[in-house]
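Order-wise, the sequence lines are chains P and F.
Per my numbering, the very first residue in the first sequence carries number 2; after that it's consecutive.
Per my numbering, the very first residue in the second sequence carries number 2; after that it's consecutive.
Quick caveat, the hints were computed from the structure, so don't treat them as lab data.
Be a bit skeptical, because a hint or two may be false.
[Said to hold, decoys possible] Calculated cross-link-like contacts (lysine-lysine; reagent style DSSO-like; alpha-carbon spacing at most 30 Å):
1. P/116 to F/197
2. P/115 to P/67
3. P/67 to P/90
4. F/37 to F/197
5. F/79 to F/67
6. P/79 to P/155
7. P/135 to P/155
8. P/37 to P/115
9. F/37 to F/115
10. P/79 to P/67
11. F/155 to F/116
12. P/197 to P/90
13. F/155 to P/197
14. F/155 to F/135
15. F/135 to P/197
16. F/116 to F/90
17. P/37 to P/90
18. P/197 to F/140
19. P/115 to F/197
20. P/140 to F/197
21. F/115 to P/116
22. P/197 to F/116
23. F/115 to P/197
24. F/197 to P/155
25. P/116 to F/116
26. P/115 to P/155
27. F/115 to P/115
28. F/116 to P/115
29. F/116 to F/79
30. F/197 to P/135
[Claimed, not checked] Covered stretches of chain F (in silico footprint by chain P; criterion: 3 or more residues with CB under 8 Å from a CB of chain P, positions within the stretch not fixed):
31. 129-140
32. 157-169
33. 177-183
34. 190-202
Beta carbons: idealized from backbone N, C-alpha and C, even for Gly.
Listed here are the chains, written in short residue letters.
Protein chains: 2
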Amino acid sequence: MNFSANLFIISSPSGAGKSTLVNRLFRDLGAVHPMKFSVSHTTRGMRPGETDGVEYHFTDIPTFQKMIEGNEFLEWAKVFDNYYGTSRKTVEDSLRAGTDVFLDIDWQGARQIKKQFPTVRTVFILPPSIAVLKERLEKRGQDSAEVIRSRMEKARSEIIHYDEYDYVIVNDVLDEAYDQLRSVVIAEQSRLELQKVRYASLLADLT
Amino acid sequence: MNFSANLFIISSPSGAGKSTLVNRLFRDLGAVHPMKFSVSHTTRGMRPGETDGVEYHFTDIPTFQKMIEGNEFLEWAKVFDNYYGTSRKTVEDSLRAGTDVFLDIDWQGARQIKKQFPTVRTVFILPPSIAVLKERLEKRGQDSAEVIRSRMEKARSEIIHYDEYDYVIVNDVLDEAYDQLRSVVIAEQSRLELQKVRYASLLADLT
Numbered sequence: 002m003n004f005s006a007n008l009f010i011i012s013s014p015s016g017a018g019k020s021t022l023v024n025r026l027f028r029d030l031g032a033v034h035p036m037k038f039s040v041s042h043t044t045r046g047m048r049p050g051e052t053d054g055v056e057y058h059f060t061d062i063p064t065f066q067k068m069i070e071g072n073e074f075l076e077w078a079k080v081f082d083n084y085y086g087t088s089r090k091t092v093e094d095s096l097r098a099g100t101d102v103f104l105d106i107d108w109q110g111a112r113q114i115k116k117q118f119p120t121v122r123t124v125f126i127l128p129p130s131i132a133v134l135k136e137r138l139e140k141r142g143q144d145s146a147e148v149i150r151s152r153m154e155k156a157r158s159e160i161i162h163y164d165e166y167d168y169v170i171v172n173d174v175l176d177e178a179y180d181q182l183r184s185v186v187i188a189e190q191s192r193l194e195l196q197k198v199r200y201a202s203l204l205a206d207l208t
Numbered sequence: 002m003n004f005s006a007n008l009f010i011i012s013s014p015s016g017a018g019k020s021t022l023v024n025r026l027f028r029d030l031g032a033v034h035p036m037k038f039s040v041s042h043t044t045r046g047m048r049p050g051e052t053d054g055v056e057y058h059f060t061d062i063p064t065f066q067k068m069i070e071g072n073e074f075l076e077w078a079k080v081f082d083n084y085y086g087t088s089r090k091t092v093e094d095s096l097r098a099g100t101d102v103f104l105d106i107d108w109q110g111a112r113q114i115k116k117q118f119p120t121v122r123t124v125f126i127l128p129p130s131i132a133v134l135k136e137r138l139e140k141r142g143q144d145s146a147e148v149i150r151s152r153m154e155k156a157r158s159e160i161i162h163y164d165e166y167d168y169v170i171v172n173d174v175l176d177e178a179y180d181q182l183r184s185v186v187i188a189e190q191s192r193l194e195l196q197k198v199r200y201a202s203l204l205a206d207l208t
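For reference, chain P alone in the conformation it holds in the complex (with noise of 0.2 Å):
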């Protein structure tokens, strides 16, 4: 398992702005360090306008179940009738390429990969305060009391999950939750393990 690049989980409740920050990261950060999100596999029936491996890897129940008996998913779960998962192979021939890949699950997600793939890195992004998280839910829409609480307990019930993290970023003032974003990204760049990779040959010259 010796990778030049890294395996990012980024998660959050929904309202804390993890979509505004990544997409910027991919489109900013992206431009110049090679990255890309892990295209899942699932058993769900393509839709029309996707492609195979784009969306998703699409596969059928027969497959995905060897595959599950095979340990060939980091993670995987079952949302109705439907399997969905991430391949290790999938995630280990871009780390491999040194593209660093990244995951959008939330924290139930994050335990198994983190037993099945050590260093995985984790961030959790969270709203500056509760006043802030209601506000940008309500934003979504004309919707009852009811339905903002039931999404505040949602969210709630993500966030209590933050110090299983290994990064938590406050997105208060946004410009400065990117540059933490980023910071974290290409410090991860620089740590010893990836760079006795990617910079072998110089560092069997120096030394």
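Could you slot chain F onto chain P? The hints should help.
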């Protein structure tokens, strides 16, 4: 030991460009991010123009020796007749105030510190090639081949310890090396352990 700031060690052989990188870090990032170099204790005499507590904490030998016995130093060394050391209290006072503390020491000091202060973050800066290192060491003056060779030997004896560090930065393109060093400092501020201290009341509120 719940600090909201980090202790960093930055080491490199001479000729790797560390001073340029660290000066820029203090000038640019230091303007918005609290950081300082640790002020060492020493038993050598104060020179004209020096101020106690600025260049060094000037200390007499009995006091210094009592501090050694009291395990008050994170690292210390005797150079000819003079003692030099980094006091735990000096470092911790700054960390407690939320200021990142930087130590400019070599791998021997780094080893001592890691034993005394395991959460220290260590960065090693490397030249991009033997040729560039030699060129940089030659630029320093009109020195004999023998002097250059001895400098190269000293550099190599430092470089072989690169793999005792958390982060390794190859100073090839200055802007990129700087971005990596800056990112390490920012990313380390976003670690769970520090954020728990900094955002204690937010986290109590959100969870």
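Status of each hint after checking the structure:
| no. | hint | in the structure |
| --- | --- | --- |
| 1 | P/116 to F/197 | 24 Å, holds |
| 2 | P/115 to P/67 | 22 Å, holds |
| 3 | P/67 to P/90 | 14 Å, holds |
| 4 | F/37 to F/197 | 22 Å, holds |
| 5 | F/79 to F/67 | 14 Å, holds |
| 6 | P/79 to P/155 | 20 Å, holds |
| 7 | P/135 to P/155 | 12 Å, holds |
| 8 | P/37 to P/115 | 19 Å, holds |
| 9 | F/37 to F/115 | 19 Å, holds |
| 10 | P/79 to P/67 | 14 Å, holds |
| 11 | F/155 to F/116 | 25 Å, holds |
| 12 | P/197 to P/90 | 23 Å, holds |
| 13 | F/155 to P/197 | 22 Å, holds |
| 14 | F/155 to F/135 | 12 Å, holds |
| 15 | F/135 to P/197 | 22 Å, holds |
| 16 | F/116 to F/90 | 16 Å, holds |
| 17 | P/37 to P/90 | 15 Å, holds |
| 18 | P/197 to F/140 | 29 Å, holds |
| 19 | P/115 to F/197 | 21 Å, holds |
| 20 | P/140 to F/197 | 29 Å, holds |
| 21 | F/115 to P/116 | 28 Å, holds |
| 22 | P/197 to F/116 | 24 Å, holds |
| 23 | F/115 to P/197 | 21 Å, holds |
| 24 | F/197 to P/155 | 22 Å, holds |
| 25 | P/116 to F/116 | 29 Å, holds |
| 26 | P/115 to P/155 | 23 Å, holds |
| 27 | F/115 to P/115 | 26 Å, holds |
| 28 | F/116 to P/115 | 28 Å, holds |
| 29 | F/116 to F/79 | 19 Å, holds |
| 30 | F/197 to P/135 | 22 Å, holds |
| 31 | 129-140 | holds (count 4) |
| 32 | 157-169 | holds (count 9) |
| 33 | 177-183 | holds (count 3) |
| 34 | 190-202 | holds (count 7) |
Violated hints: none; the structure is consistent with every hint.
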